[in-house]
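**Student:** Sequence:
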Amino acid sequence: MISTFTMLSVDLKKTVTTGQVLGMLSILAFVICILTILKYAIYRRRYSQIWPARKVGFLNILGNLSEISLKLKDRNGFPLSALILQIGCAYSYLFRESQLFSVWISFVPFLIFKKAEAVEALISGNKSMKKNWSYNFLHPWLGTGLLTSIGDRASTSLSTLLQNFSFGHDIRLQWIPSHIVISKTTLGVTIGAQENSETQYIQSVSRAGDIILERIVIPWYWFDFLFYLLPIGRELKYHLGVLHGFTRSVIQEKKKKLLSGEKNNNIEKRKRKALMDVLLEHHLQMKDLTDEDIREEVDTFAFEGHDTTSMGMSWALYNIGLYKDVQEKIHEELDRIFGDDTERPVDTDDLKDMVYLDRVLKESQRLYPSVPVIARRVEEETNICGYPIPKGSSCIVFIHQLHRDETVFPNPEKFDPDRFLPENCANRHPYAYIPFSAGPRNCIGQRFALMEEKILISAILRNYTIESLCPRDKLPPSCELILRPSIPILVRIRPRQRHSS
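Under full-length UniProt numbering, think of the first position of the sequence shown as 1, with each following residue one higher.
Calculated directly from the structure, the hints in this document are not laboratory data.
Worth double-checking, as some hints may not be accurate.
Claimed, not checked - Only pairs whose alpha carbons sit at most 25 Å apart, straight line, appear in this in silico PhoX-like list of lysine-lysine:
id : residue 1 : residue 2
1  : 55        : 362
2  : 352       : 324
3  : 39        : 352
4  : 237       : 329
5  : 362       : 414
6  : 39        : 55
7  : 329       : 414
8  : 362       : 257
9  : 474       : 324
10 : 71        : 474
11 : 324       : 391
12 : 352       : 391
13 : 352       : 329
14 : 362       : 352
15 : 73        : 414
16 : 362       : 324
17 : 257       : 237
The task is simple: from the sequences and hints, build the whole structure.
**Tutor:** Structure (structure tokens):
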């Protein structure tokens, strides 16, 4: 019996060649691939009939991406991120009566939330506390800092960091650019960006953000093994090396001083400490934060606090320069507060008195929110505004369009700071205007950001008038990690006439 089986095995080896085995495996892989595509195509067909969506062909591999041209000439020279925002706006208009709609990237659905009721149902509770999988592409840069962390790590980070964002003391900041403010308040050092805006650190922050956005929207970049083999993946590694190396060097230098007992004169002179100083002291006292945890939190705040605030101020100054009547009212308010003294530092009472400037900044954030979209992952099957949402769904809050809901903001494209008069805000849905997000994971630095914007913009307008040179219809914004202009914002700045006499 054994000899018979041995003979059959030998005969089988002789008759089945390596090529035939590979052929059978290829056929099997092909069949599995076809069955997988059919499975997801059926899934897409099913939910496309439930959720408002632009229909795509049953076996359309790209999904709604097939409607986007990647050719530069077809985009009139504007970047892909500007086209993505325009398409998102067009979809929002098509489904303007719906609470949400879906967009399919290949067979992966993204549910887009653009009405206050649906947004509240998504982000107000704890069912969607986890960030969407697209935030995983930030992990090589930010690790599991406050922006990307979940669960116990997020709670620990939040409780530690909140102590650095409580106010109640006089503010004595002179005019300094946003990246200088962030480097001083986060790292406790300066990065030389005021003397040289092309420092490698600033360049790496900007370029790393651009690459990560490209990775989010291009499906073949989703796979680590492929992405890091490509030139763009190697470029990202280089820039992350620059960013991490700088932060780690500052951590080691400050830690060495603390361990040696050397006093930091800058800390001694002020009540408030830089974020890194707070985290290092917590690290040495409580032993529950590693050096890498500190690096992740500091990098997170440098990323979130630099570009978001600087672009928020850029859009605000652009809008102020477009509307002469708005600028005149700001000048009148600042003259009432400061008189002819253009050098006096701003204090907390001054900030409270800048009520019209406050409304202008809010209206600018309504039209040009620094973060145009936020993403969440649904952790359990739920139903929102009558639509079934399966567990694991990727949900996008489209803040840019939420702020343009004409049922909440009539004539939404009009720049009107009086929308934020107390009487006009009284009955507004609390989730209709969320430039700093909302719910349990809202931005803990929002008061700091508004304070910074008021101080810097008031310093400029106490001395100058601004004229924006490009109308809004010629300056389409780009939906990157933050909302940027697709071309440079051009303004003309002149000394105020009362100072030239």
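**Student:** Look at each hint and say if it fits the structure.
**Tutor:** Going through the hints against the structure:
With a C-alpha separation of about 37 Å, the suggested pairing of residue 55 with residue 362 is violated against the 25 Å cut-off. Restraint check for residue 352 and residue 324: the C-alpha separation of about 23 Å stays at or below 25 Å, so the hint holds. Straight-line distance between C-alpha atoms of residue 39 and residue 352 comes to about 58 Å, which puts the hinted pair past the 25 Å bound. Pair hint residue 237 plus residue 329 does not hold up; C-alpha atoms about 48 Å apart against a cutoff of 25 Å.
The hinted pair formed by residue 362 and residue 414 meets the criterion: a straight-line CA distance of about 13 Å does not exceed 25 Å. Proximity of residue 39 to residue 55 is assessed by CA-CA distance (about 17 Å); at most 25 Å being required, the pair is judged to hold. Distance hint between residue 329 and residue 414 is fulfilled; the C-alpha atoms sit about 17 Å from each other, no more than 25 Å. Our distance criterion of 25 Å between C-alpha atoms is broken by residue 362 and residue 257, whose separation comes to about 42 Å.
With a C-alpha separation of about 19 Å, the suggested pair residue 474 and residue 324 falls inside the 25 Å cut-off, and the hint holds. For the hint linking residue 71 to residue 474, the alpha-carbon distance of about 20 Å falls within 25 Å, and the restraint holds. Restraint check for residue 324 and residue 391: not satisfied, since their Cα atoms lie roughly 50 Å apart, outside the 25 Å limit. Proximity of residue 352 to residue 391 is assessed by CA-CA distance (about 45 Å); at most 25 Å being required, the pair is judged violated.
Restraint check: the Cα-Cα separation between residue 352 and residue 329 comes to about 16 Å, which is no more than 25 Å; the hinted pair holds. For the hint linking residue 362 to residue 352, the alpha-carbon distance of about 15 Å falls within 25 Å, and the restraint holds. With a C-alpha separation of about 31 Å, the suggested pair residue 73 and residue 414 falls outside the 25 Å cut-off, and the hint is violated. This hinted pair checks out: residue 362 and residue 324 have alpha carbons roughly 18 Å apart, not beyond 25 Å.
With a CA separation close to 30 Å, the supplied pair residue 257 and residue 237 exceeds the 25 Å bound.
Hint compliance for this structure: hints 1, 3, 4, 8, 11, 12, 15 and 17 are broken, all remaining hints hold.
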